[in-house]
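Please work from the sequences and hints to get the whole structure.
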Amino acid sequence: MSSTAVARFTGTPFVRKKERLQAVARWSFFSMAILMVILLLAIIGYLVYHAAPSLSWEFLVDVPRRGMREGGIWPALVGTIYLVFISLAIAAPIGVLAAIYLNEYAKDNWLNRLINLAVINLAGVPSIVHALFGLGAFVYAAKLGYSVLSASLTLAIMTLPVIIASTREALSSVPMPFREACWNVGATRWQTIKAVVLPNSISGILTGVILQVSRAAGETAPIMFTGAVFYKAVKRGDFFPYQLTDQCMALSMHLYTVTTQVPDVKESISYATAVVLLGVVLMVNAGAITLRIWMRNRKKW
Amino acid sequence: MTTQQTTISVSDLRVSYGSKEVIHGISFDIFRNEIFSVIGPAQSGKTSLLRCLNRTIDFSPHARMSGTITVDGQNVGTMRNVFDLRRKIGMVAPLPVGLPLSIYDNVAFAPRCAGLTHKSDLDALVEKCLTQAALWEEVKDRLNSLGTALSGGQQQRLTIARALSHQPDILCLDEFSIAIDPVTTMRIEDVLQELKNEMTIILVTNLTQQARRLASRTMFLYNGDLVEVDTNEVIFSNTPAKRETYDYINGLFG
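Listed in order, the protein sequences are those of chains L and W. Heads up: the first sequence begins at 178 in our numbering, then just goes up one per residue. Heads up: the second sequence begins at 16 in our numbering, then just goes up one per residue.
Simulated from the structure, these hints should not be mistaken for lab results. The structure displayed is predicted, hence computed values, not measured ones. Not one of these hints is a red herring.
Residues of chain L clear of chain W, computed beta-carbon distances all greater than 12 Å: (1) ALA200; (2) MET209; (3) LEU217; (4) ALA266; (5) LEU309; (6) GLY322; (7) ALA410; (8) PHE417; (9) THR422; (10) VAL457.
Facing chain W, a subset of chain L residues (Cβ under 10 Å, in silico): (11) ASP285; (12) PRO352; (13) ASN361.
Glycine residues also receive a C-beta, built at the ideal position from the N, C-alpha and C atoms.
Structure, rendered in structure tokens:
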């Protein structure tokens, strides 16, 4: 067997080195990816383990008793749902419409570049700054007082730029030739958007909006400054305990108070509150994923 | 043949994107019911020319156009109702773009945009356009399936049907055959020969033989300059007016 003929298909030191390198790269990337899953499971597992003594259906629907040392978290849960839905009801239409303008209509001039810059910077403003702005603008200047409405508006301002960014992302994923084909047959921009662009980006748009639920639900600072309170007397299981002008309780705020402000609270109550908050967020995320899969299957190219 | 009526007249057309001028002042006329082909290598401004014709150049940021184009005597550049202009001009893009709608809706899209809503009218129009584009027989049983699910050649005929759906006077085809097989190309070429009786056809093509087969007159663009425009007898003869034309057509270029 001549050595030159064989050498062509057997591992040379160079080939073996490439293979080793490839294996190292693959496993290091894989371990980083799996680390994320482990972390998430660790967090959930840790929380649920500590929350177990308090977790029950009663905990969800009951009101806090004995200065929050017993009872449930119903007012906070409803408050969070209120804040999230009202803030998204405000932010989503404005954000989506603004994004459609920016992505579909806006020409590349100084005004629109300024708008883009504003959106990007608004997204980067820390939530505590939004909180202070909400306090000044909605609570005092607009005289809405400490209320569900002020808090929702503040959350809306906070989520707006992110909704705009994600909506633009979804819109620009619709290929340009589709639009050109429509324009070529004499369709206006709006006819194009209605017939082709929106039907094919709606799943992305909705996903972006829904993911903001978790952000709005989790923020503490903005609502603490503008409308969330320590305690509010609410009837057990009451679905509409708050007026727009009332102050409300919220899960994130409640978690903060039971953990740091009230003495002698059972440890499991804080953990159970955290589990409920996390559960709400994860449920919404699961909903977003389901919606995306469902819409994606109806997508047409 | 009766005297030829000018339907499109272009004079001193210049197009620039930003500071880069891509068409350097070209002038020519296109006659009614002829097939007019535009040949030339890449980057010679063929597509930009078509986009000026139906004003879709407006959608490109930083594009500027000067000079005048008249379509049936009306100045395109100052026209208010560009949507009617675009309906007057059917446009077929190089790559087939089936809109992500059903086959029926693909063809009915333009008439609907123009305000036609009667189901029976639309049905008749859809059938007529698909028949004209030589696609009706293949898709008549599945008009509600997706246009994007068709094969490449079928999609290209679908885009032709769509371009015909707004009953244009002028049909522009921009390198329509680059994504489809020779057999389908020949079928579409037959279609074009028939359509010639009803409308003016502008054929932008990379295939000089296609221009030779189909067109009555041919224009050679090179780097945004008009080299030569003449009847096919002259352009494809051994003695066109310009040496470059002969070289390009016979593959001696560069």
